[in-house]
Amino acid sequence: MSETKKYKKVAYYPGCALEGTAHAYNRSTKALGKELGLELDEVDNWNCCGAMEVKNIDPKIQTYLSSRVMSIAANDMGHDVVMAPCNGCYHNLKKAEYDLSHDEKSKQVVEKLSTKAGHETYKAGQVETIHALDWIKDAIGEEGLKERVKKSLSGMKIANYYGCMYTRPRHIFPEKDQGPGSESTTKPHFMDDLLEAAGAENVDFALKTACCGGAHTLSDSDTSTKLVLNIIEAAEASGAEVIATECPTCHSGLEMHQIRAEKVLGRKTNVKIVYFTQLLGLAMGLSPRKVGIQENISDSIGLLKEKGLT
Amino acid sequence: MPIHEKNLIRPENISTHDNLVMDGIDVSGDWSTFIKTRVVADYNEDLQDEIAALPGGEYIHRCWQCGSCTNSCTINAINPDFNPRYWIYLIRMGFESELVRDKDLIWQCVSCNKCTSACPRDVVPEAVMKATAHWLERKGYTRKSSSTVFDEVFSEQVIERGKIEDGEVVMNFFNRTGQKLTQPWLIEMVKRMIKNLPVQMLTMMGLATIFKPKTRNWGPARDAINDYIEEQEALLDEKLGPSVPYKAPEPAPTQIPAE
Numbered sequence: 011m012s013e014t015k016k017y018k019k020v021a022y023y024p025g026c027a028l029e030g031t032a033h034a035y036n037r038s039t040k041a042l043g044k045e046l047g048l049e050l051d052e053v054d055n056w057n058c059c060g061a062m063e064v065k066n067i068d069p070k071i072q073t074y075l076s077s078r079v080m081s082i083a084a085n086d087m088g089h090d091v092v093m094a095p096c097n098g099c100y101h102n103l104k105k106a107e108y109d110l111s112h113d114e115k116s117k118q119v120v121e122k123l124s125t126k127a128g129h130e131t132y133k134a135g136q137v138e139t140i141h142a143l144d145w146i147k148d149a150i151g152e153e154g155l156k157e158r159v160k161k162s163l164s165g166m167k168i169a170n171y172y173g174c175m176y177t178r179p180r181h182i183f184p185e186k187d188q189g190p191g192s193e194s195t196t197k198p199h200f201m202d203d204l205l206e207a208a209g210a211e212n213v214d215f216a217l218k219t220a221c222c223g224g225a226h227t228l229s230d231s232d233t234s235t236k237l238v239l240n241i242i243e244a245a246e247a248s249g250a251e252v253i254a255t256e257c258p259t260c261h262s263g264l265e266m267h268q269i270r271a272e273k274v275l276g277r278k279t280n281v282k283i284v285y286f287t288q289l290l291g292l293a294m295g296l297s298p299r300k301v302g303i304q305e306n307i308s309d310s311i312g313l314l315k316e317k318g319l320t
Numbered sequence: 497m498p499i500h501e502k503n504l505i506r507p508e509n510i511s512t513h514d515n516l517v518m519d520g521i522d523v524s525g526d527w528s529t530f531i532k533t534r535v536v537a538d539y540n541e542d543l544q545d546e547i548a549a550l551p552g553g554e555y556i557h558r559c560w561q562c563g564s565c566t567n568s569c570t571i572n573a574i575n576p577d578f579n580p581r582y583w584i585y586l587i588r589m590g591f592e593s594e595l596v597r598d599k600d601l602i603w604q605c606v607s608c609n610k611c612t613s614a615c616p617r618d619v620v621p622e623a624v625m626k627a628t629a630h631w632l633e634r635k636g637y638t639r640k641s642s643s644t645v646f647d648e649v650f651s652e653q654v655i656e657r658g659k660i661e662d663g664e665v666v667m668n669f670f671n672r673t674g675q676k677l678t679q680p681w682l683i684e685m686v687k688r689m690i691k692n693l694p695v696q697m698l699t700m701m702g703l704a705t706i707f708k709p710k711t712r713n714w715g716p717a718r719d720a721i722n723d724y725i726e727e728q729e730a731l732l733d734e735k736l737g738p739s740v741p742y743k744a745p746e747p748a749p750t751q752i753p754a755e
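The listed protein sequences correspond, in order, to chains W and C. Using the numbering used here, you'd call the opening residue of the first sequence number 11 and step up by one each time. Using the numbering used here, you'd call the opening residue of the second sequence number 497 and step up by one each time.
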């Protein structure tokens, strides 16, 4: 990243999940931003990006939904950066950006729908969409984090789990795989970098970008349970006590199918599922309540006590 | 990971004879196993065009069968019969009846996009899988998959209000697919969820089920999206003919044993 510290003030797009099942991610992201002196300006009257479902009705409706969010941020609020902590939102905004600059038909549909809906049409290039990882990495950075650590995560063994939508398909992330300093689509490391700066011990985890079956978490539960169990058991085998997440679908998928594996397949696992923003918040000295630890289904309170983080 | 290919020799086409003499030679038993000739007589020459007409299937013609999709596939790793490369081959060749054999498998694609990332020809196999699953439903070969039901439940809410409320999505999905909410693992999950939950969070979640989250002044966007869907449906009907409803096969008549 050539320009640094440009993400001090960004438009914030939480998305539906962060107001529902992933409220802990929303709470911890906001608390972390506040603690680090970063300004989050929530996109006014936003709508759902389409998640993983609307594209199966028609991909161009999804492109329109995502473009509306970016249009509000750019045209109504004057932002040039939108930060989305949810992998699904982040992915869809990136995908819309790609389609609007490469596919004439998508552009026409978005223009038609925007005009009918009565708002300005989003034009490719108006905003840059970033993930919460890019946000902390750029606005604070590893050195900045190290200076601010109040309760080190030292002694905590973490498997960093990035999921699918943060890295694939790679053509919608033109800024990734650009050499030193940039994020990798095959071996992502931004979360590893940040948590290491906060003192954590990252384990060698091979399934960073494996799929948890999130798209079919309820519609094909048996498959999802198999995929999740594979991820969790691999994390435990590499010595992890915690799986750090950055996606509400992955996070709730891991929590839900960890229980389902226990109840349906009789395979009990102990690794705790925690959002990376919660871990960073704790390291910055925020209380577990402030970062929403109690709101997680996976109960990590005992482990955090043991590590002196409460 | 190796590409596991489908065995083209099917069990039902293998025949052995316990008692067979041909030209005075006894050919009974396994050593002279016969394989029935496979004849494909029902090519659908329009199959590729039909898939390409559905959203997501547009780029299927680009495929040159390298197998990167199957090789990288998440579902193939747990079920070798899940084979995107093979299905793309069948579609491009027009082998409709062969494709239909896997009608209850294709919808299981989890959209992890490993194939789309790996594909050197930008076929977007993930979207081709969705288009194919929709084609099978449209032609009446199979009932709506639970994945399609979920997509519909979810999208209806987004289009109606601009946002979703996940509790309502889950309830509607379980209702429409006839599943019980009292499965032991679900009860256990709710128990663990509320164990440490602060009271204010519980109240907030309760309120969300009454005051549904919605985008203000969403009406014009909703109308625009619904109009667009209607237009697209009409175009598809024109290209592919109207949807054929799925008819479950008649159960085999029960044999009454002769007295």
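Source of the hints: derived by calculation from the structure; they are not laboratory data. Just so it is clear, the structure is predicted and the values come from calculations on it, not from any experiment. There's no promise every hint is true.
Below, a sample of chain C positions facing chain W; criterion: calculated Cβ distance under 7 Å [to be verified]:
hint: 1; residue: F646
hint: 2; residue: W681
hint: 3; residue: Q696
hint: 4; residue: M697
hint: 5; residue: L698
hint: 6; residue: K708
So the derived list for chain C, only partly shown, Cβ under 10 Å to chain W, looks like this [to be verified]:
hint: 7; residue: D538
hint: 8; residue: C615
hint: 9; residue: T638
hint: 10; residue: D647
hint: 11; residue: N671
hint: 12; residue: W714
Think about it this way: if two alpha-carbon atoms lie no more than 30 Å apart in a straight line, the pair counts; the simulated DSS-like pairs of lysine-lysine are [to be verified]:
hint: 13; chain 1: C; residue 1: K710; chain 2: C; residue 2: K735
hint: 14; chain 1: C; residue 1: K687; chain 2: W; residue 2: K167
hint: 15; chain 1: W; residue 1: K18; chain 2: C; residue 2: K659
hint: 16; chain 1: C; residue 1: K676; chain 2: W; residue 2: K278
hint: 17; chain 1: C; residue 1: K659; chain 2: C; residue 2: K691
hint: 18; chain 1: W; residue 1: K44; chain 2: W; residue 2: K122
hint: 19; chain 1: W; residue 1: K133; chain 2: C; residue 2: K599
hint: 20; chain 1: C; residue 1: K735; chain 2: W; residue 2: K273
hint: 21; chain 1: C; residue 1: K640; chain 2: W; residue 2: K44
hint: 22; chain 1: C; residue 1: K676; chain 2: W; residue 2: K126
hint: 23; chain 1: W; residue 1: K117; chain 2: C; residue 2: K691
hint: 24; chain 1: C; residue 1: K599; chain 2: W; residue 2: K160
hint: 25; chain 1: W; residue 1: K122; chain 2: C; residue 2: K687
hint: 26; chain 1: C; residue 1: K676; chain 2: W; residue 2: K44
hint: 27; chain 1: C; residue 1: K710; chain 2: W; residue 2: K236
hint: 28; chain 1: W; residue 1: K300; chain 2: C; residue 2: K735
hint: 29; chain 1: W; residue 1: K300; chain 2: W; residue 2: K18
hint: 30; chain 1: W; residue 1: K133; chain 2: W; residue 2: K167
hint: 31; chain 1: W; residue 1: K115; chain 2: C; residue 2: K691
hint: 32; chain 1: W; residue 1: K317; chain 2: W; residue 2: K156
hint: 33; chain 1: W; residue 1: K122; chain 2: C; residue 2: K710
hint: 34; chain 1: W; residue 1: K117; chain 2: C; residue 2: K676
hint: 35; chain 1: W; residue 1: K19; chain 2: W; residue 2: K117
hint: 36; chain 1: C; residue 1: K687; chain 2: W; residue 2: K126
hint: 37; chain 1: C; residue 1: K735; chain 2: C; residue 2: K708
hint: 38; chain 1: W; residue 1: K315; chain 2: C; residue 2: K659
hint: 39; chain 1: W; residue 1: K19; chain 2: C; residue 2: K640
hint: 40; chain 1: C; residue 1: K676; chain 2: W; residue 2: K19
Virtual Cβ for every residue (Gly too), placed ideally from N, Cα, C.
Verification of the hints:
About 4 Å separates the beta-carbon of F646 (chain C) from the nearest beta-carbon of chain W, less than 7 Å, and the hint is met. A distance limit of 7 Å between C-beta atoms decides the matter here; for W681 (chain C) the minimum to chain W is near 4 Å, and the interface restraint holds. With a cut of 7 Å, the hint placing Q696 (chain C) at the interface with chain W is violated, because the nearest CB-to-CB distance is about 11 Å. Annotation: M697 (chain C) was flagged as interfacial toward chain W, and the flag holds, the nearest CB pair being 6 Å apart, inside 7 Å.
Interface restraint check for L698 (chain C): the shortest CB-CB distance to chain W comes to about 10 Å, outside 7 Å, so the restraint is violated. Taking 7 Å as the C-beta cut-off, the interface hint given for K708 (chain C) is violated, the closest approach to chain W being about 11 Å. Violation of the interface hint for D538 (chain C) is found here, the shortest Cβ-Cβ separation to chain W being roughly 29 Å, above the 10 Å cut-off. This hint holds: C615 (chain C) has a C-beta 8 Å from the nearest C-beta of chain W, less than the 10 Å allowed.
This hint is violated: T638 (chain C) has a C-beta 14 Å from the nearest C-beta of chain W, more than the 10 Å allowed. Checking D647 (chain C) against chain W: minimum C-beta separation of about 4 Å stays under 10 Å; hint holds. Taking 10 Å as the C-beta contact cut-off toward chain W, the hint placing N671 (chain C) at the interface is violated, the least distance being around 12 Å. Satisfaction of the interface hint for W714 (chain C) is found here, the shortest Cβ-Cβ separation to chain W being roughly 7 Å, below the 10 Å cut-off.
Between K710 (chain C) and K735 (chain C), the direct Cα distance comes to roughly 36 Å. Violation of the 30 Å bound is thereby established for this hinted pair. The hinted pair formed by K687 (chain C) and K167 (chain W) meets the criterion: a straight-line CA distance of about 27 Å does not exceed 30 Å. Proposed proximity of K18 (chain W) and K659 (chain C) is supported: the alpha carbons are some 28 Å apart, at most 30 Å. Of the supplied pair hints, the one linking K676 (chain C) and K278 (chain W) holds, its CA atoms being roughly 24 Å apart against a limit of 30 Å.
For the suggested pair K659 (chain C) and K691 (chain C), the alpha carbons sit about 28 Å apart, so the restraint of at most 30 Å is met. Distance check on the hinted pair: K44 (chain W) and K122 (chain W) sit about 39 Å apart at the alpha-carbon level, beyond 30 Å; violated. Taking the CA atoms of K133 (chain W) and K599 (chain C), the gap is near 40 Å; set against the 30 Å cutoff, the hint is violated. With a C-alpha separation of about 48 Å, the suggested pairing of K735 (chain C) with K273 (chain W) is violated against the 30 Å cut-off.
For a cut-off of 30 Å, the pair hint linking K640 (chain C) to K44 (chain W) is broken: about 46 Å separates their Cα positions. For the proposed pair K676 (chain C) and K126 (chain W), the alpha carbon gap of about 41 Å is over 30 Å, so the pair is violated. Under the criterion of a C-alpha separation no larger than 30 Å, the hint pairing K117 (chain W) with K691 (chain C) is inconsistent with the structure, at around 48 Å. Taking the CA atoms of K599 (chain C) and K160 (chain W), the gap is near 56 Å; set against the 30 Å cutoff, the hint is violated.
At roughly 47 Å between alpha-carbon atoms, K122 (chain W) and K687 (chain C) are farther apart than 30 Å, so this suggested pair is violated. Between the alpha carbons of K676 (chain C) and K44 (chain W) the distance comes to roughly 42 Å, so the proposed pair goes past 30 Å and is violated. For the hint pairing K710 (chain C) with K236 (chain W), the CA-to-CA distance comes to about 35 Å; that exceeds 30 Å, so the pair is violated. Using a Cα cut-off of 30 Å, the hinted pair K300 (chain W) and K735 (chain C) is violated, with the two alpha carbons roughly 56 Å apart.
At roughly 22 Å between alpha-carbon atoms, K300 (chain W) and K18 (chain W) fall within 30 Å of each other, so this suggested pair holds. Annotation: proposed proximity of K133 (chain W) to K167 (chain W) is violated, straight-line Cα distance about 44 Å (limit 30 Å). Between the alpha carbons of K115 (chain W) and K691 (chain C) the distance comes to roughly 50 Å, so the proposed pair goes past 30 Å and is violated. A C-alpha spacing of about 18 Å is found between K317 (chain W) and K156 (chain W), which places the hinted pair at or below 30 Å, so the restraint holds.
A C-alpha spacing of about 23 Å is found between K122 (chain W) and K710 (chain C), which places the hinted pair at or below 30 Å, so the restraint holds. Simply put, K117 (chain W) and K676 (chain C) have alpha-carbon atoms about 43 Å apart, too far for the 30 Å limit, and the pair is violated. This hinted pair checks out: K19 (chain W) and K117 (chain W) have alpha carbons roughly 29 Å apart, not beyond 30 Å. As the CA atoms of K687 (chain C) and K126 (chain W) are separated by approximately 46 Å, the hinted pair breaks the 30 Å bound.
Our distance criterion of 30 Å between C-alpha atoms is broken by K735 (chain C) and K708 (chain C), whose separation comes to about 39 Å. Pair hint K315 (chain W) plus K659 (chain C) does not hold up; C-alpha atoms about 37 Å apart against a cutoff of 30 Å. Restraint check for K19 (chain W) and K640 (chain C): the C-alpha separation of about 45 Å exceeds 30 Å, so the hint is violated. For the given pair, K676 (chain C) sits about 46 Å from K19 (chain W) by alpha-carbon distance, which is inconsistent with the 30 Å threshold.
Checked against the numbered hints above, the structure violates hints 3, 5, 6, 7, 9, 11, 13, 18, 19, 20, 21, 22, 23, 24, 25, 26, 27, 28, 30, 31, 34, 36, 37, 38, 39, 40; every other hint is satisfied.
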